[in-house]
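Sequences are here, hints too, so could you generate the full structure?
Those sequence lines, one after another, are chains A and B.
The opening residue of the first sequence carries number -18 in my numbering; numbering runs sequentially from there.
The opening residue of the second sequence carries number 609 in my numbering; numbering runs sequentially from there.
Simulated from the structure, these hints should not be mistaken for lab results.
Treat the hints with care, since some could be wrong.
As the list claims (entries may be wrong) - Computed from the model, here is a short list of chain B residues facing chain A with C-beta under 8 Å: (1) 611; (2) 758; (3) 759; (4) 762; (5) 763; (6) 794; (7) 796; (8) 799; (9) 800; (10) 806; (11) 813; (12) 814; (13) 821; (14) 825.
In this text, a Cβ means the ideal position worked out from N, Cα and C, and glycines have one as well.
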Amino acid sequence: MELAEAKAGGADEGVDLLAPALLAVSGLTIRFGGVTALQDVSFEVARGAICGLIGPNGAGKTTLFNCISRLYDPGAGSILFDGRPLASFARHELASLGIARTFQNVALFSTMTVRENVCVGAHAIARGGFLANALATPLARREELRIAERADALIEEFGLKGVADRPAGALSFGVRKRVELARALAKGPKLLLLDEPAGGLNHSEVDGLADEIRAIRDRRGVAVLLVEHHMNLVMRVSDQVVALDFGRVIANGRPDEVRANREVVRAYLGSAG
Amino acid sequence: MADAENALSLLVTLAVAVIALAFPFVASGYHIYQGAQVLIFAIAMLGLNLLTGFNGQISLGHGAFFAIGCYGAAILMTKFGLPYWAAIPAASAVCFVAGFLFGFPALRFGGLYLALATFALAVAAPQILSYTGFDAITGGSQGITLAKPQAPIGLKLTSDQWLYLVCLASGAALYWAARNLARGRIGRALIAIRDQPIAAETMGVNAALYKTTCFGVSALYAGVAGGLSAIAVGFVSPESFGLSLSLAFLVGIVVGGLASLGGVLFGALFIEFVPNIADQLSVNFGESAKALPGAIYGALLILVMAAMPTGVAGGARAATNAVMRWLASSRPIEVANDGGADVAAKYEGKGESP
Ligand SMILES: Nc1ncnc2c1ncn2[C@@H]1O[C@H](COP(=O)(O)OP(=O)(O)OP(=O)(O)O)[C@@H](O)[C@H]1O
Ligand SMILES: [Mg+2]
Chain A
-18 MELAEAKAGG ADEGVDLLAP ALLAVSGLTI RFGGVTALQD VSFEVARGAI
32 CGLIGPNGAG KTTLFNCISR LYDPGAGSIL FDGRPLASFA RHELASLGIA
82 RTFQNVALFS TMTVRENVCV GAHAIARGGF LANALATPLA RREELRIAER
132 ADALIEEFGL KGVADRPAGA LSFGVRKRVE LARALAKGPK LLLLDEPAGG
182 LNHSEVDGLA DEIRAIRDRR GVAVLLVEHH MNLVMRVSDQ VVALDFGRVI
232 ANGRPDEVRA NREVVRAYLG SAG
Chain B
609 MADAENALSL LVTLAVAVIA LAFPFVASGY HIYQGAQVLI FAIAMLGLNL
659 LTGFNGQISL GHGAFFAIGC YGAAILMTKF GLPYWAAIPA ASAVCFVAGF
709 LFGFPALRFG GLYLALATFA LAVAAPQILS YTGFDAITGG SQGITLAKPQ
759 APIGLKLTSD QWLYLVCLAS GAALYWAARN LARGRIGRAL IAIRDQPIAA
809 ETMGVNAALY KTTCFGVSAL YAGVAGGLSA IAVGFVSPES FGLSLSLAFL
859 VGIVVGGLAS LGGVLFGALF IEFVPNIADQ LSVNFGESAK ALPGAIYGAL
909 LILVMAAMPT GVAGGARAAT NAVMRWLASS RPIEVANDGG ADVAAKYEGK
959 GESP
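Structure representation (structure tokens):
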């Protein structure tokens, strides 16, 4: 069902302007002391679309992710997901709602194995509590099997079999980024937030990642909000690109439009020094 | 490799079970009593290890929950006439609630601050228990004397043997439950909260609920241990629950191995016997040195931690790994097969991914 939707979405470039947006950010503002990290930020992401989010260092990209995943409470503005305001949900409810993310600096559970990390990603597909698990009820056992199946499939898909039983903390940055990606997909999200997934990768690996992100979207129909400094990667995979500078949206449109936008060019040249 | 490890751990578990079961039928009365003490400590440490080892919440106050279990059971038995098999679960339920409620303020504290908050609990418990205003219920500084439960008629067991077996059965059941918790989704969530609380929440783990529930479960284990201790000793008094008891539990889980459930048995043996050994050793140095047992205990503790920095469980794991490697190196053909399978698995994984 979801897959069919995704295929249909992919056929007409992924962006259906008539359908209600999956993610609608409007008037988002947040300050830290004197710094206005986000100012009146508004944009929408359609179901199954890949939306690149670009901007120089300190533009507010990670801050926006943190607002969407409820780590920060914005001072003003709203975020609607699937038509529902995120402000009415607690952090831990977002996974069930369909939002998953990775972290810029990688936030794996370092003492756990790769497989266990991916299993935690699937935490929200089960319901059993302390008592059911302590007594190993049939429900808890069934859920455990389901989680293990899900984790094994992702480990296979992301080529992590060789490291599945290694502690996550012992792996290279690039591999950990990959584990985080697998972990984020374990619950089957509708929206995937990727914060610099190409970190720690070399040139050819970055090219591979572009295909992989497309493939993830095409197979699952998941919308992706992608923060990256590798401009070629962003422009290649995105259906839509939003550019931030000093917390404000300076451009929002098709990749080629945004790439040619004068303010975007100026922001990047200005921050080059 | 993993299969061999599992087989080995099953073997060790079976051996421990056999020894533990045979023990009360070969040992003398006082030793059986000591064995029951070890099991009681081990139960309390199972709970503390879930909290501290798995979930990363330090408690210096588990002696207080132990005290609630102990007094709760004693009061229910003497004042309300409940049999011990009903009094202990009831007192443990009270401990769960107390621990769960204490878990809420604990949410605001991290690391050392939580250690201090629980420290306060440990300091307050004996004072509250000996407070004269509660004399009518707690017996004040006199404490409460209980009749030791007897074995059911028909079973030809001494009271000590029966108590030991009750402790063993409780310990086995609670170990089984803790293992189920630790090995599944809940255990992973608890460790996730310890390692990366924000990422854990992003994965859908309700960290606040899990932390408070873990505190409750941990207190429940301490409560069962306290209740069993009440009937095993036959007497409860405020002095038994000083800070040193709370510290002993913490020492025990570190010696046994943090986040190792089997390790608590070693931790319990350590805190039951090493202080006595220190006492006996100090006798060799003459009567004059009063502080010597403490110093010897400290030195033994440092020695153990220096030899096994990750506790007895970690040391045992390292030792088995070394033995396995040695066995493997003397049978090179098997190693080659193993390596081949690994490589094949890796390529299989690559092949499937588009
Ligand atoms: N928790 C915080 N406390 C104070 N200031 C913050 C906090 N989080 C973000 N900021 C500030 O907000 C601004 C935006 O930071 P943010 O991390 O969102 O940038 P970014 O676009 O992700 O940059 P980069 O590309 O370097 O990752 C910066 O000036 C940063 O210092
Ligand atoms: Mg950032």
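Hey, does the residue 762 of chain B contact hint survive, CB to chain A under 8 Å? violated, 30 Å
If you take the shortest Cβ to Cβ gap from residue 763 of chain B to chain A, is it below 8 Å? violated, 28 Å
Classify the hint on residue 814 of chain B as holds or violated, based on whether any CB of chain A lies nearer than 8 Å to its CB. holds, 5 Å
When the least beta-carbon distance from residue 813 of chain B to chain A is tested against 8 Å, hint result: Hint holds; residue 813 of chain B Cβ to chain A Cβ min 6 Å, cut 8 Å.
Hint validity - residue 796 of chain B Cβ closer than 8 Å to any chain A Cβ: Residue 796 of chain B check passes; min Cβ-Cβ to chain A is 5 Å, inside 8 Å.
Supplied contact hint for residue 800 of chain B, tested at 8 Å Cβ to chain A: holds, 5 Å
Is the interface hint satisfied for residue 794 of chain B? The criterion is a beta-carbon contact with chain A at less than 8 Å. holds, 5 Å
Taking the least C-beta to C-beta distance, is residue 821 of chain B closer than 8 Å to chain A? Check passed: Cβ of residue 821 of chain B comes within 5 Å of chain A, closer than 8 Å.
Would the hint on residue 759 of chain B stand, with a C-beta cut-off of 8 Å toward chain A? Hint violated; residue 759 of chain B Cβ to chain A Cβ min 28 Å, cut 8 Å.
Does residue 806 of chain B pass the interface check with chain A, least Cβ-Cβ distance below 8 Å? holds, 6 Å
Would you check whether residue 825 of chain B satisfies its interface hint, that is, whether its CB is within less than 8 Å of any CB in chain A? holds, 6 Å
Have a go at the residue 758 of chain B hint: is there a Cβ in chain A nearer than 8 Å to its own Cβ? The hint is violated - residue 758 of chain B has no Cβ within 8 Å of chain A, the shortest such distance being about 30 Å.
Checked against the numbered hints listed earlier, the structure breaks hints 1, 2, 3, 4, 5; every other hint is satisfied.
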